[in-house]
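Q: Which chain is which? The protein sequence lines are A and B, in order. 1128 is the number of the first residue of the first sequence in our numbering; add one for each residue after it. 14 is the number of the first residue of the second sequence in our numbering; add one for each residue after it.
Quick caveat, the hints were computed from the structure, so don't treat them as lab data. Model, not experiment: these values are computed from the prediction. A virtual CB, placed ideally from N, CA and C, is assigned to each residue, including glycine. Be a bit skeptical, because a hint or two may be false.
[Unchecked claim] Below 25 Å or equal to it, Euclidean Cα-Cα: the simulated BS3-like pairs (lysine-lysine) are:
#1 B:LYS40 <-> A:LYS1405
#2 A:LYS1278 <-> A:LYS1237
#3 B:LYS73 <-> B:LYS40
#4 B:LYS86 <-> A:LYS1404
#5 B:LYS68 <-> A:LYS1373
#6 A:LYS1268 <-> A:LYS1404
#7 A:LYS1370 <-> B:LYS86
#8 B:LYS68 <-> A:LYS1405
#9 A:LYS1356 <-> A:LYS1404
[Claimed, not checked] What the simulated footprint calls covered on chain B by chain A, stretch by stretch (three residues with Cβ under 8 Å from a Cβ of chain A suffice, anywhere in the stretch; the number is not a length):
#10 27–33
#11 58–69
Spelled out, the chains give:
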Amino acid sequence: MAFLHLRDVRIAGIAAGVPRQVRNNIEASGLNFSSDYSPEEYVKSTGVLETHVSPTLCASDLCYHAAEKLIADLAWPKDEIQALVFVSQHPDYILPATSCLLQDRLGLSKECYATDCGLGCSGWVYGLSEICALMATGEIKKALLCVGDAKRRVAGWDNDPLFGWAGTVTALEYQQGAEGLMFHLGTDGSGYDAIFVPDGGARTPISPESFKYEDVDGRQYHRGMSRMKGMDVFSFGISTAPKSVKALAEHYGFNYLDSDYFVFHQANMKMNAVITKKLKLPEEKVPSCMYHYGNTSSASIPLTIVTQLQGQVQERKRFLCCGFGVGLSWGTVAFETENLVMPEVVLVDEL
Amino acid sequence: MELNEFVAHFAEQFEETDASEFTPATKYHELDEWSSLVGLSIIAMVDEEYGVALKGNDVKSSVTIEDLFNVVKERQ
């Protein structure tokens, strides 16, 4: 069990950007549905009516626009931002790291720590732990965590009705004496192929064979596309997320039911309903954004906070958030916010 | 763990198929209403009622409801 309590740091603000373009799962054509259910049944079961997608935007573009808005609202001088962590499975290029590009594009100082992290659904929680660990030294006073996915990499990938695109930015600042953030983090790499892109990495480089479509559980995929063992992931999520929440609360001696909000990775409605029920959470404390944004991978927790809790985060609030999925990897974090700066979701135009 | 109770819980995951159609020998993949989405409900039911985490292959490779019952029973 990996537990961390990282003190002397607070979340100052959260922002999110999504493509302006909305795609409705019932009206759109060419989506990759399985042959064994209709689009209407799919929407009813997954809880995803529509997603924001784009033919031109990368995850970093969405993060960039969210970051510009948040930095302006916080009135942070850019030269005081000393670290940037970019969490995504869809970097701009194979090389170099996208965090380097964002440092320059945002006009941050060259005295800036910048690194990429390749996690998915657990990525926001992991990214927070990385950046809070850096800041706990007291030597980095302001930092940005940029987290998101836009699944635009190979032809065919962008027709999945479940996944939406989003880029988020979480601004953290050093504050001596702040309670900080408490984490429980876990990994089970034996499930590496539960959510999997077979070709395109160094293990299995892209070849002409990679683009031949094959039937995977009634849906058509080529080997450059992400495929998911849906039932395995479902089973993993409903058992692991509640255990992780309980483990964190038990380790640090608090009652998890005392939290004001429980924000889970927006996997699908069915999975999140089971998790909510198993933890006996009141539904009004479990915000959700998947109906209008889909599963946005690592961005889903901060996107849910930004889109669902506007006007509710001025006072002191206690959050419990849990991300779980591809890896397999999971993380739960507990923290308090006060006077959280949180602009409305930024709608990003095509390039 | 009792077989008839398992069959009843299994039947509850279907909306359109009448409960009387379900027996231990029902080949559930052949039901009109069966889909991978119903499979998720079965996994959730087994988790809640029996505390067993099924894998996708357990649901796919079992043929009858009794086959799946036996998988769950072994894991308890």
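Q: Checking one constraint from the list: CA of LYS1278 (chain A) to CA of LYS1237 (chain A), max 25 Å. Satisfied?
A: Answer violated: LYS1278 (chain A) to LYS1237 (chain A) is near 29 Å, above 25 Å.
Q: Taking only the CA atoms, is the gap from LYS1268 (chain A) to LYS1404 (chain A) under or equal to 25 Å?
A: It is violated: about 39 Å lies between the C-alpha atoms, which goes past 25 Å.
Q: Can the restraint linking LYS73 (chain B) and LYS40 (chain B) be considered satisfied, given a maximum Cα separation of 25 Å?
A: It holds: about 11 Å lies between the C-alpha atoms, which stays within 25 Å.
Q: Could you grab the alpha-carbon distance between LYS1356 (chain A) and LYS1404 (chain A) and see if it respects the 25 Å cut-off?
A: holds (23 Å)
Q: Do the alpha carbons of LYS86 (chain B) and LYS1404 (chain A) lie within 25 Å of each other, as the hint requires?
A: holds (24 Å)
Q: Quickly compare the C-alpha distance for LYS40 (chain B) and LYS1405 (chain A) to 25 Å and report which way the hint goes.
A: violated (30 Å)
Q: Taking 8 Å as the Cβ threshold, is the statement that the region 58–69 of chain B is covered by chain A upheld or broken by the three-residue rule?
A: With 6 residues close enough to chain A, the hint holds.
Q: Compare the distance between the alpha carbons of LYS68 (chain B) and LYS1405 (chain A) with 25 Å, and conclude whether the hinted pair is satisfied.
A: Distance ~19 Å between LYS68 (chain B) and LYS1405 (chain A) Cα, so the pair holds.
Q: With a cut-off of 25 Å on the C-alpha distance, tell me whether LYS1370 (chain A) and LYS86 (chain B) pass.
A: holds (22 Å)
Q: How does the region 27–33 of chain B fare against chain A when you require at least three residues with a CB closer than 8 Å, holds or violated?
A: violated (count 0)
Q: Just to be careful, I want the Cα atoms of LYS68 (chain B) and LYS1373 (chain A) compared with a cutoff of 25 Å; is the pair within it?
A: holds (23 Å)
Against the hints set out earlier in the document, violations occur for numbers 1, 2, 6 and 10.
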